[in-house]
Each structure stands twice: as structure tokens, then as C-alpha cells.
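As a plain string of letters, each chain reads:
Number of protein chains: 2
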Amino acid sequence: MKPLFCLLLAALIPVPGAIVHAQTPETTARERDVLARLMDAGLRDVGSYGLLKELTGKAGHRLSGSPGAEKGVALARDMMVRLGFSKVHLEPVTVPHWERGSPEDAVALLPGRQSVRLKVSAFGGSIGTPRGGITAEVVEVSSFEELAKLGTGARGKIIFFNRPMDPVKLNTFEAYGGAVAQRSRGAVEAAKVGGVAAIVRSMTLALDDVPHTGAMRYAKGTPRVPAAAISTRGANRLSGLLKGGRSVRVRLRLTCRSYADTSSANVIGELTGNEEPEEVIVVGGHLDAWDTGDGAHDDGAGCMQAIEALSLLKRIGVTPRRTVRAVMFMNEENGLRGGKAYAVDPRRQAEKHVALIESDLGGFAPLGFTIEGDTTVVPRVLRWKPLFDLIGMGRLVKGSSGADVSPLVAKGIPGFGLDTENQRYFDYHHSANDTIDKVNPRELELGAIAEALLCYLLSEEGL
Amino acid sequence: MKPLFCLLLAALIPVPGAIVHAQTPETTARERDVLARLMDAGLRDVGSYGLLKELTGKAGHRLSGSPGAEKGVALARDMMVRLGFSKVHLEPVTVPHWERGSPEDAVALLPGRQSVRLKVSAFGGSIGTPRGGITAEVVEVSSFEELAKLGTGARGKIIFFNRPMDPVKLNTFEAYGGAVAQRSRGAVEAAKVGGVAAIVRSMTLALDDVPHTGAMRYAKGTPRVPAAAISTRGANRLSGLLKGGRSVRVRLRLTCRSYADTSSANVIGELTGNEEPEEVIVVGGHLDAWDTGDGAHDDGAGCMQAIEALSLLKRIGVTPRRTVRAVMFMNEENGLRGGKAYAVDPRRQAEKHVALIESDLGGFAPLGFTIEGDTTVVPRVLRWKPLFDLIGMGRLVKGSSGADVSPLVAKGIPGFGLDTENQRYFDYHHSANDTIDKVNPRELELGAIAEALLCYLLSEEGL
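Respectively, the protein sequence lines represent chains A and B.
Numbered according to my numbering, the first sequence spans residues 226 to 688.
Numbered according to my numbering, the second sequence spans residues 226 to 688.
Keep in mind the hints are simulated off the structure, nothing from the lab.
You may find that some hints are simply not true.
Because identical chains share one entry, a pair is satisfied inside a single copy or across any pair of copies.
Each computed EDC-like pair below joins lysine to aspartate or glutamate, with the alpha-carbon atoms no more than 16 Å apart [unchecked claim]:
(1) K394 x D270
(2) K394 x D265
(3) K312 x E279
(4) K417 x D303
I would like the entire structure built from these sequences, with the hints used as guidance.
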């Protein structure tokens, strides 16, 4: 497009430069001033992106129990110290320890010694196959109901769960929610009918060659069988091979295994409140990330936004009334041990939590916050809507806040989730695609600015 | 994030699946049904992305007067025929013809035979340098005022305009508007003070090695000097070399030149209205694109969205009351000849245009529409806001619609611009980065769905 029209367009759209002078009756001059200074500090010096580059570049993947996770812990602590946070410390968390190992592959064996390689990725928690792999006929199903109807027809087979995420859902998280049971429960349901392994279509709306991993679980009393994701293109290929009821054998080889639980930590630092220091606002994300990518969006983004939110408040000279605390939770992906440990740590006894904010929907352009709490919470938060509307983040609606903060939210403390424009999220989620080149620095930073503003408001005015 | 929380989250957010059953008093059941069917058809079979892949893959760049532009014209016409549009035809447009040529480079010459290569890209319309290039001392300025103050100090020099787009602006188009005069008028201002060439910091908020081209102009009575963009990293490098008043000579070599005007066309097809066929709703974008990339976002996206909007209406079985017309305008980037020709073509005499819709802000997640018209237009459009709110596109605000439709909008016909989440736009704009891998299929298609819905409403209800 051309400059003239950009100028015309720009002139007609509310912009942050106008914030300080805005005559919006619902916001105070002080609030607008803080917002303008947050926008200036954040967008001029996009701190969150530099932090995320450091985290993903130096630690890489950060699956619980891995060296990367421990590097992530050390890096986050160092960042907090470097940025001058108070009371920087680690709180211990005992975490599961599972490793993917190598090789990890699958091959469809066709008549006449032909074969087709399929891209697979074991699910976290899966057992491995025997050394030579599991070779068995494949049966494709699109639901657990369809599987149950196979009866003895599934015995001895590899069960191929191939129901796609529903592309018609506008909300990609809803599409994920409608398909992800195949991943989390696929191995159990396969074993129930005598299946020997589960292969599951990747949880993504993209058509590509990248498998997407994630957590799965076993059930007591049901045999444990290996389970892995297959890329969406691979799933289409395998489904094509099976067309017309043709018999296809696949050799699946996984080398993954679980080890004894190990020690890790939540990383915590704060800006101590100068009037009500024992009243705490938490802002955080989870430091652990699946081992196939760098966990840039999930959830390095949320962690670095939390650190940047505190750093922004410091940079603009705000000393909060209440304590604003950044928490990097460990082990959200396959245990939630960090979130649970934070909630019951003895240090919590002397504290009163005002609210908890989590960012775990990727470092995309923020739309606002989802809010969890009793019926009085949303109306009280809505008094700040005009302020968030000034930066296009006024979608303040009831909704889930985040997994890590859920143990305290379950006790009645209000929770906030940073809501994002999420169409691209599952292109990257839990896969080798989740790397920093998929993160736009400004979109990431705007999330940190939104969190800093919410922390400021909660700190000054309470809920 | 984990599945359980996704499910909780999804359950609390309005989703299109709920549209048909929604009890929103402001929308009719028929409107909600059309919206639900558009969402289903569009997101299940993302037509716009396939079309864009075809356009960018087969035509590549489409600068006016180039073979790519003519391939684009033929491809767009073929698509319209293939999709069963009515009255598919070309309307002639005489366009400027400028070619970049090769080589195109710049080198900073340092003491001791050292040199630093700088990535540059001539601006469209620039003259070339002499065959051996122009070698001259460089002077850096951040504004025309600063340049004017140099007086005779600028004589014989290459003027280096290095004012960045203001990163603090939330609206990236406003940041663009505040810097782009350096590109469009840089050569003229440089020549006025005796400068021999202009080198301009690229119009982007990203820091990288990719120069961003765009249109520039000369003024009668002022000597013509060559002008080119330099990448933002190159600009920082050059500025660093100049620090402390050091003298740096640069050799700039451009091989670009203008040719005689040539013939091209707007590409037009429609769904003819079954009740008021002479009343027309236009939906379009510009087919031409700068020659450094494939013009995927700018504006292949807008063109293919317009074709897809009509195709969607056909796919869900809507025969519009009024005529819904897709127009691929030629030559927005360096002449606007297509928009001007469309407005005055004799065929317009027998027609009444109800409204014109343009998408030229990239194929990103749509937020709503900017609306141009007299004071009664926006309030009338706001009756549809509840419907657009159902798909998160309810930002219906006064604002510029688009360059191509501006000649008719200037005559009082209401204009609509598809508004997008634009933080990433200038990472790609007018550069080698503007390729299809930067387009998310769902974000692109959602824009086509929004346009199809607006076309439907305008066709059924008028304005």
C-alpha cells in the first residue's frame, strides 16, 4: 500500500501517542501516563525478545529433568539478579524425568519390499518399543467409539488415531481440545482392545512433515503400549495406503524411557511492595518445554514476558504498592509439579495472593485477558477496560487463566490468562517448529506490556 | 499448555459452532446461518491460500509493465473463469514501466583499501547511476530540516536519510507514515541542496539485512538523482562508520531505468445480482507488486481474498440480490492507474456502486473494517457489529479504505478497508521477505470470510 493512504489511515486510528492527552473519563491521568511510559519503554527497547533469545539460544529445550531445564533455571535466576529483582530464589520441585532417546522412526512396509518412511515423535511418558521395534498391521480409527466397535479386530495391531483437529473452529484451542484425547488417552484405549501401540495424528492445523509431541498417560490395570505422534502429511500418507481396506504393516521403533524422579526448581524474583509487601501479585509462565523444539512460544515467551513485565515497571520507575512477583514454574508439560509445589510451599503461609497472571498461549499479539474468579471479579476488572482498549487489548472476558496458577486459583484467588491471536499457535506447538524465528519481537513485547499494566493496576488498586 | 486447560478455556470463549444457535437479538437467524456456512466452507477448504500459492508460484513478482504482472492478469482471469464467475473480463490500463536491472550495490570505501558492502535496493522510478556508479562522501541526516541546515555542506554528497520508523507507535502504519517521506521525497530534497544521490533507511521495524523498496518521485525543476533503500542493519553499520564526524565515501551503483508506458489491465469478474444487477459492491486488491519479493502479503493476499470471497458465496449457494464484483486493480504501487481507470471506465456509466471493499493491509488475522463515508455510514454499518463480533472481527471504525478504491470513494461512495493485526506487516513489506511462507492460511482465509460476509450484507440490505 501507499504512504498517502497509510497517513490517512493512521490519522483515524487511536494510537498510544495520543494516550497522554486522551480525555477518556474512565481512566485517570496517572493510569494513562503509566501506560504511555510502558509502551515507550517496551517498544523502544524490546527487552522480552532479547531475553527469549538468550533462553532459547543458551538452554535450548527444557524438558523437566533435562540439562536444558537446569540451564533454563540458572538463566532465569541470572536474568532476575541482573535486572535487579528482589528476593531472587529457587523453590525446589521434584519432577518426572523422561528421555526420548534415539533412534525414533516408523516405516510402512508395503508389498514387494517397498517401504514408506513416516515421521514420528514419541509422546512424553511413553515406554519404548523392543530394540528391533514393533512390527504389526495398522488399523485406522477416528474415535474411541470406532475403536471399541472393532472388538477383536484390533488385537495385535497398531492403532492409528487419525481424527484431525476441527478446522472449522475459529478458536484453535477448542479444535485442540476436541482432538487431543487421542494423544493423552490413545495408548490406554489401544491397549484395552489388545492393540500393541498407538500412532496419533499430530495436533496441528498445518499440513506438514513435523510431528507434534505432548503428554500421554497410562492407566492402572491396563497394559502399557508405546505411543507416538505422526506428522499430518505422514498421517494422510498412511491413511492413503490403508484405503480400500488394504493391509499395511508398520514397524515402529521408539527408544524413549522414564527414569527416577529428579530435583528441579521454580525460579522466583519480585519487586517488593512498598506499602503492602505481603500482598502478592504473581505473573508467570512455565520454564519447561518439550524436547523437540526450543519452547520459544510454549512457554519461553510467557516466562520472558513475566520477567520483562517486572523489568518494565522498574524501567519506568514504578515502585509497586503490593509485591509484584515473577514465577517461572517448572514441569507444566508433564506433571504440573511446579504449580503444585508453589501453592503449598511453606513460604506461602505468610503471604496473601491478590491475583495470579499466566501467559501460556504463545508470544502472539495480545487481545486482552481471560479472567477466572467468583462472579464479582470480572465486573471489577472491567473498570480497566477503557485503558486496555487504548492499546487494542480490551478483550477482558471470563475464561481459564492457566495451568500453573490453577492450584491457587482453585483456592479462590483470581486468575488471569494473557489472551492472544492464536491462529498460528498449533503450527508450532510441541514441535521442532517452536523456535525463536517464529516469534515477532513486537507481538511478544506487547504481551509483556499488557502484563506490566495489569500488575500495576492490581498492585495500586487491588481487586 | 495442557489439554485440560485448553478445554476449559475453549468452553468459555464464543465460537462459530455456537453461531447458529446463538440468541443474539441484533442478528437474524438467516445472517447467523450465512456466517456459519461461510466459516465452515472457508476454514474447511482454505481456498484463498491455494489461489495465492498459484499466483505467487506461477507469476512471482508483478511490478507494472513486467512479464509477471501480465502473468498475474492471466492467472486471475483464469481463476475467475474456473470458479464460475460471470462477466469475467479485462479493462485496459496504461501503466508505467520501470525496471531494476542488475547490478545494484553499494560499498563504503574505508581508509587503507578496506570496504564494507551494503545491501541496497533502488526505489521504483529512480534513475540509475552512471555505469561505474556514483562515488561520493556520505552525510547522514534524520530529517529534511536537518538537511536544509547543512547548506552548502551537502553539495556533491550522497545524502543518507536515517530516521527510523518510530517503534513506540502501536499502529505500524502510523510509524510508516512518519518516516516514509524520506523515501518518497528523499531524492528531491537531496537534489535541492546539491546532493548527488539519496540512500534511505528501509521502512521496517525489523533489524535485518533486507532492503525495502517502494515508490519515489521527482519534481519538475529539480535535478533527478538516484535513490535507494539500505537495509536497517546496513544503515546502522553506515551510521556507525560515520560516528564522530568521520569521512566515509560510498560507491552506489544502480542500473534501473524507466521505459515507455505500456498496456496492462484490471481483472474483473462478478456474481451478478438477481434483483438489482446494476447495483454493484466491489471487493478487491491490487494485482501489481514490487519486484523484490512475490507480493504475497502486498497485495496478492488482498486479491486472492476477493476472489475467494465470491467463491465462498457461490460455494454456500448464495445468489446475491445486488452484484458482487471482484476487481484486481493494476498499478497501485507506482501510479494508481488501475484504480483511476476503473473509476472512469465507460462501463461505470450504467452502474451504481453501493460500496467498495479493499484488502491491502496484508493477509494477517482480520480485526474488522475501517469505514470511509459520510457521517451516516458508520452508524448504519454498526448494525452488523454483533455479527462480526461473533468471529472476533467487530472493530468497525471510521478510517481510510484503500488506495485503489479511493477515486470512487472520493466521489462519495462508501469505502471499506479490511483491517488486520499489523505488527508483522513491515517485516515483509516491499522486500524479498514478502513471500508465501509468511502467510498463515487460516489468517488469510478469515479475511476472505469477513469480506464475503460484508458483501452478503451489503448485497442483501444495502447501506
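For each hint given before, does the structure comply? Return the numbers of the non-compliant ones in rising order. Hint check: 3, 4 fail, others pass.
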